[in-house]
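S.K.: Chains as they are written, first to last, in the numbering used here: chain A, 1 to 354; chain B, 1 to 263.
Some hints here could point you the wrong way.
Unchecked claim - Okay, the calculated beta carbon distance ranges per label pair:
| # | chain 1 | residue 1 | chain 2 | residue 2 | range |
| --- | --- | --- | --- | --- | --- |
| 1 | B | Ala116 | A | Arg131 | 19 to 29 Å |
| 2 | B | Phe18 | A | Ile301 | 54 to 64 Å |
| 3 | A | Tyr137 | B | Ala125 | 36 to 46 Å |
| 4 | A | Thr151 | B | Glu132 | 51 to 61 Å |
| 5 | B | Arg59 | A | Ile8 | 54 to 64 Å |
| 6 | B | Ala125 | A | Val136 | 35 to 45 Å |
Everything labelled a hint here was simulated from the structure, so no lab data went into it. Source: prediction; values computed, not measured. Yeah, the Cβ is synthetic: ideal placement off N, Cα and C, and Gly gets one too.
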Amino acid sequence: MNRVAQPILLVVTAGALLLAPFYLSAYGLTLLGRVLALSIAAIGICVVWGRGGILSLGQGLFFGLGGYSLAMHLKLAATPKGELPDFMVYNGVEALPWFWVPFVNGPFALAMVVILPTLAAAAVAWLMFRRRITGVYISIITQALVLAFVTWLNGSQGLTSGTNGITDFHTLLGIDLRGEHIARNLYWCTLMVLGAALLSTAWLLRTHFGTLLTAIRDNENRVRFLGYHPAAYKIAAFALGGLLSGLSGALYTLHLGTISPAMIGVTFSIELVIWVALGGRNSLLGAVGGLVLGQLAKDKISSAVPDAWLYLMGTLFVVVVLVLPQGVAGLLERRKPAAPRRKTLGEVSDVVSP
Amino acid sequence: MSSHPEVLLEVQGVTVSFDGFKALQNLSLSVPRGSLRVLIGPNGAGKSTLLDTIIGKVRPVSGDVRYRGQSIITWPEHRIANLGICRKFQAPGVLDGLSVRENLRVAAKRTKGVWASLTRTTGRAETQRIAELLELINLTGKADQRADSLAHGEKQWLEIGMVVASDPELLLLDEPTAGMTAQETAKTAELIRSLSGRHTVLVIDHDMQFVELLDAPVTVLHQGQVFCEGDLASLRSNADVMEIYLGRPKDEGHHKGVGYAQT
Chain A
1 MNRVAQPILL
11 VVTAGALLLA
21 PFYLSAYGLT
31 LLGRVLALSI
41 AAIGICVVWG
51 RGGILSLGQG
61 LFFGLGGYSL
71 AMHLKLAATP
81 KGELPDFMVY
91 NGVEALPWFW
101 VPFVNGPFAL
111 AMVVILPTLA
121 AAAVAWLMFR
131 RRITGVYISI
141 ITQALVLAFV
151 TWLNGSQGLT
161 SGTNGITDFH
171 TLLGIDLRGE
181 HIARNLYWCT
191 LMVLGAALLS
201 TAWLLRTHFG
211 TLLTAIRDNE
221 NRVRFLGYHP
231 AAYKIAAFAL
241 GGLLSGLSGA
251 LYTLHLGTIS
261 PAMIGVTFSI
271 ELVIWVALGG
281 RNSLLGAVGG
291 LVLGQLAKDK
301 ISSAVPDAWL
311 YLMGTLFVVV
321 VLVLPQGVAG
331 LLERRKPAAP
341 RRKTLGEVSD
351 VVSP
Chain B
1 MSSHPEVLLE
11 VQGVTVSFDG
21 FKALQNLSLS
31 VPRGSLRVLI
41 GPNGAGKSTL
51 LDTIIGKVRP
61 VSGDVRYRGQ
71 SIITWPEHRI
81 ANLGICRKFQ
91 APGVLDGLSV
101 RENLRVAAKR
111 TKGVWASLTR
121 TTGRAETQRI
131 AELLELINLT
141 GKADQRADSL
151 AHGEKQWLEI
161 GMVVASDPEL
171 LLLDEPTAGM
181 TAQETAKTAE
191 LIRSLSGRHT
201 VLVIDHDMQF
211 VELLDAPVTV
221 LHQGQVFCEG
231 DLASLRSNAD
241 VMEIYLGRPK
251 DEGHHKGVGY
261 AQT
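The following block holds chain A by itself, in its conformation from the complex (with noise of 0.2 Å):
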């Protein structure tokens, strides 16, 4: 994409989306901000893996904390005081949690959307790049916490209301979540997030620090052999992807109405990679592009032909990772000279072994 095409194109995208409540049905209004709200985790994804180098195929663990963090606010300040939330009644609970006590506070729940996801994170990050575990190790340690978190979720009727989800939100700090505007407002709220999330990704990527992921990411002795620690830089990269993650659970549970652990699952998880390879892992917009673009697509032909959806997103995954490693973005700048070489696992972790 050439330089003039590409600011008019993004800020034709960016009014376009700001004055979509004006011209949206209210079900096209919804799914649109919905799927904007997930694409806030794309943005991790990039960072973790299109930079960084590390695959995670379990950021719907840290999505899931963020959502049910702020899940669990609403649900106490939508049951009357001195009562239970219903799902605990019918479950034979008969004290609060001592974990759900703090978030009757709304500013507490707020910090802990952000706060909790980041420190599990990088508390998950601390464990693996301490031991220097790499490669498909990542991918399988973080699926299996996903499918642990969501199992105990399952498993725990009384403490998180198991496979219902946690449902029936009344207000938000006082905010009527079942106004007249609601939507309307919810959407553009989200649209400010993802708008920083952006913006503040793309300039963090700038930086020196952006460019040591990179290297790290290349050649991580030769970076070791010159005095950094690389395990501190993926650390901060793996709990950045957690607080975007975070972020985004919140956003969509708040768009939904609802949270449960079929949302944050292995299939969920792995779903927001294979969007975020389609749109291009190196590139933000192609990352975010490709999310809410693949999500919109997934409406569509998923009420249509319900079967088909898994088949086809399947072979589009294949079909990017053969033919297009750096996906869509990746085609649009395949112009400009050297085009990225992919390496091998093999290759990575030998790179400077005599």
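Chain A is already provided as a structure; the job is to place chain B on it using the hints.
M.R.: Structure of chain B alone, referenced to chain A:
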């Protein structure tokens, strides 16, 4: 830096074992500050393993490595590097996805922490220094190209540039001239000689003509031990040393050196 000879690096009785195979056997070596030292030896003599041990990539089963009198044998790799020990690897270890300029910038940064990487901008002095280095390694015209688009010899130069950019006290160069033309080899020798004095340099190479150009004391390694030391002329007249080399006809590096001598 003091003018009288002082030991900068001391390898004391180091033994490295790979599944029972002793790559280094009770090897001792001391390198005075500001000196230039060449390590030669046939394939498998333990040259690269010795450098791996110094930078912490390989941990010995016994022995000690002391730097400025301090034992660094248990230190994490990045801390050893931050002491001012920088290694050029045998296979060029450049950062493929970055431009040539960015490669040098990563090496030249004095602060290595995550926070500094977010907040520090590139100063004028640093930009100036990188421009000088680009000139030195003859890559000014390719400064904004990706490193993986460079030819093999250029990658070698780039990595030498990175090692110099990090301004280490001790440079460890593992076959810096592999894949270079005779002219480039001569230029590399000149560069390395200009570095010694202010820096301490330890060079591994097979190329005898290159070693000759370096005009420095040579240590011969054989089967994980120091075989002998001396200047190149005296080693050439040493029958035992010649046997170690000539006894291994597949020693390509040596033949390459002979080939260059004719050009």
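S.K.: Now tell me if each hint is right for this structure.
M.R.: The hints, checked one at a time:
1. For Ala116 of chain B paired with Arg131 of chain A, a C-beta distance near 25 Å keeps the hint of 19 to 29 Å intact.
2. Separation of Phe18 of chain B from Ile301 of chain A is about 55 Å and conforms to the stated range, judged on CB atoms against 54 to 64 Å.
3. The supplied range of 36 to 46 Å is met by Tyr137 of chain A and Ala125 of chain B, whose beta-carbon atoms lie about 42 Å from each other.
4. At about 59 Å, the CB distance of Thr151 of chain A to Glu132 of chain B agrees with the hint of 51 to 61 Å.
5. Distance hint check: the CB atoms of Arg59 of chain B and Ile8 of chain A are about 57 Å apart, consistent with the given range 54 to 64 Å.
6. Distance hint check: the CB atoms of Ala125 of chain B and Val136 of chain A are about 43 Å apart, consistent with the given range 35 to 45 Å.
No hint from the list above goes unmet by this structure.
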